[in-house]
Structure formats: structure tokens, C-alpha cells
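The sequence shown runs 194 to 367 under my numbering.
Mixed in with the good hints there might be a few duds.
[Stated by the list, open to error] What follows is a set of in silico ranges between Cβ atoms, one per label pair, in the way DEER data are often shown:
1) 219 x 336: 12 to 22 Å
2) 212 x 366: 40 to 50 Å
3) 357 x 212: 47 to 57 Å
4) 234 x 336: 23 to 33 Å
5) 288 x 216: 12 to 22 Å
6) 355 x 295: 18 to 28 Å
7) 295 x 336: 35 to 45 Å
8) 351 x 210: 14 to 24 Å
9) 331 x 288: 38 to 48 Å
10) 304 x 359: 31 to 41 Å
Keep in mind that the hints were calculated from the coordinates and are not lab data.
Remember, predicted model here, so these are calculated numbers, not experimental data.
For every residue, glycine included, the Cβ atom is placed at its ideal position computed from N, Cα and C.
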Amino acid sequence: SEHVMMVGSGAEKFAAEQKIELVDPKYFFTQPRWDALQQILKEEKARSEKAVSTSASASRPANRFGTVGAVALDKDGNLAAGTSTGGMTNKRFGRVGDAPIIGAGTYANNATCAVSATGWGEFFIRLSVARDISALMEYRAMPIQNAVDMVIKQKLQKLGGDGGVIAIDKFGNI
194 SEHVMMVGSG AEKFAAEQKI ELVDPKYFFT QPRWDALQQI LKEEKARSEK AVSTSASASR
254 PANRFGTVGA VALDKDGNLA AGTSTGGMTN KRFGRVGDAP IIGAGTYANN ATCAVSATGW
314 GEFFIRLSVA RDISALMEYR AMPIQNAVDM VIKQKLQKLG GDGGVIAIDK FGNI
């Protein structure tokens, strides 16, 4: 498809047209995630309406180990990155996190680096974290570690976000 991203029923229709296997949502059920959701819902019910608006930050500790990220450099110098998210417990229906957003949670550029991110996705989207790391390397000639530190330890934290990345540059530095 010429489209970069599709979601919802349009994506499902396209997948069916391409004969891509669709599975029942029950396939993705895991007991630990269900238990975390039930705990969050219980906590929210116990709070006042004012406190409920801060529940997103309260839900984050239960989700610290859901993301799977990978970066690679092949023998021909090609860089690749991939990110699969564990999601956010009790997220608003329809929320899209940073993992599928090229430049936010995932990015690869043969001239600089490959990056896979994990953390509070909304902040990674706002800052285009993965792309920003590559841009600092490209435009400021920063080594990968310096670029990662600037984006994660300075820019991201300054906005109130948190998370981390795995990254590899075109020379194999991680």
C-alpha cells in the first residue's frame, strides 16, 4: 500500500484483502495484563473524580516490561529497527502509542543509526525521540551515546517523560 499507517476497521479490511491472517482478540489475552487492569480499575474507583484524571501515571509502573525492541546492522551496512509494544494498561480506546510511529518509537537511517524506544509514548511522539537522536548525529556529528543522552536524559525528562532506547550506529557502536 502507498499508505504509511492504517488503523481500525480500514486496516482490518486491508489485511483481509491481502489475505493476512486475522486472529480473535482473545489471542492476545495474558493473565498478568488482565490482573494489572483490574487493579488499576479498582484503584480508580476508590479515588475522587479529580484524582481519576491522574490515573495514567499511576498505571505506568505495571507496564514496565511489555515492549520488545531490536536494532541491527548487517554486513552490508544496512540498519534496521523494530519495536513491539506491550501497551498501556487502562489506556483510552483508540490510543496509538509511539511504537508504530516512525521517528517516535522506531527509526533507522543507514547514514546514522537505528533506534527502538520504550517509555511513555506520548512524550516520545511529541519529541520524535528516535528521529531526533539520528538528527543530532547527522547535523551535529554527535556520537550515538551523546545523542541518546541529550534526547533521553535532557529533552525527554525536561518535558516530564521517561523511558529509554536501544540504538546502534553505522559503525556498530551501541
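### Message
Quick check on a hinted range of 12 to 22 Å for residue 288 and residue 216, using CB atoms only.
### Response
Since residue 288 and residue 216 have Cβ atoms about 21 Å apart, the given range 12 to 22 Å holds.
### Query
CB of residue 351 to CB of residue 210, is that within 14 to 24 Å?
44 Å, violated
### Query
Can the suggested window of 40 to 50 Å be confirmed for the beta-carbon pair residue 212 and residue 366?
41 Å, holds
### Query
Using the C-beta atoms of residue 295 and residue 336, is the stated range 35 to 45 Å upheld?
At 23 Å between Cβs, range violated.
#### Entry: Assessment of proposed distance window 31 to 41 Å (beta carbons of residue 304, residue 359)
19 Å, violated
### Query
Using the C-beta atoms of residue 331 and residue 288, is the stated range 38 to 48 Å upheld?
31 Å, violated
### CB-CB spacing for residue 336 and residue 234 relative to the 23 to 33 Å hint
45 Å, violated
### Distance restraint hint 12 to 22 Å, applied to the beta-carbon atoms of residue 219 and residue 336
46 Å, violated
### Hint check for residue 212 and residue 357 - Cβ pair distance inside 47 to 57 Å
Given about 37 Å between the Cβ atoms, the range is violated.
### Query
Should the hint that residue 355 and residue 295 are 18 to 28 Å apart at their CB atoms be regarded as holding?
At roughly 21 Å between Cβ atoms, residue 295 and residue 355 fall inside 18 to 28 Å, so the hint holds.
Of the numbered hints given earlier, the model fails hints 1, 3, 4, 7, 8, 9, 10; all others are met.
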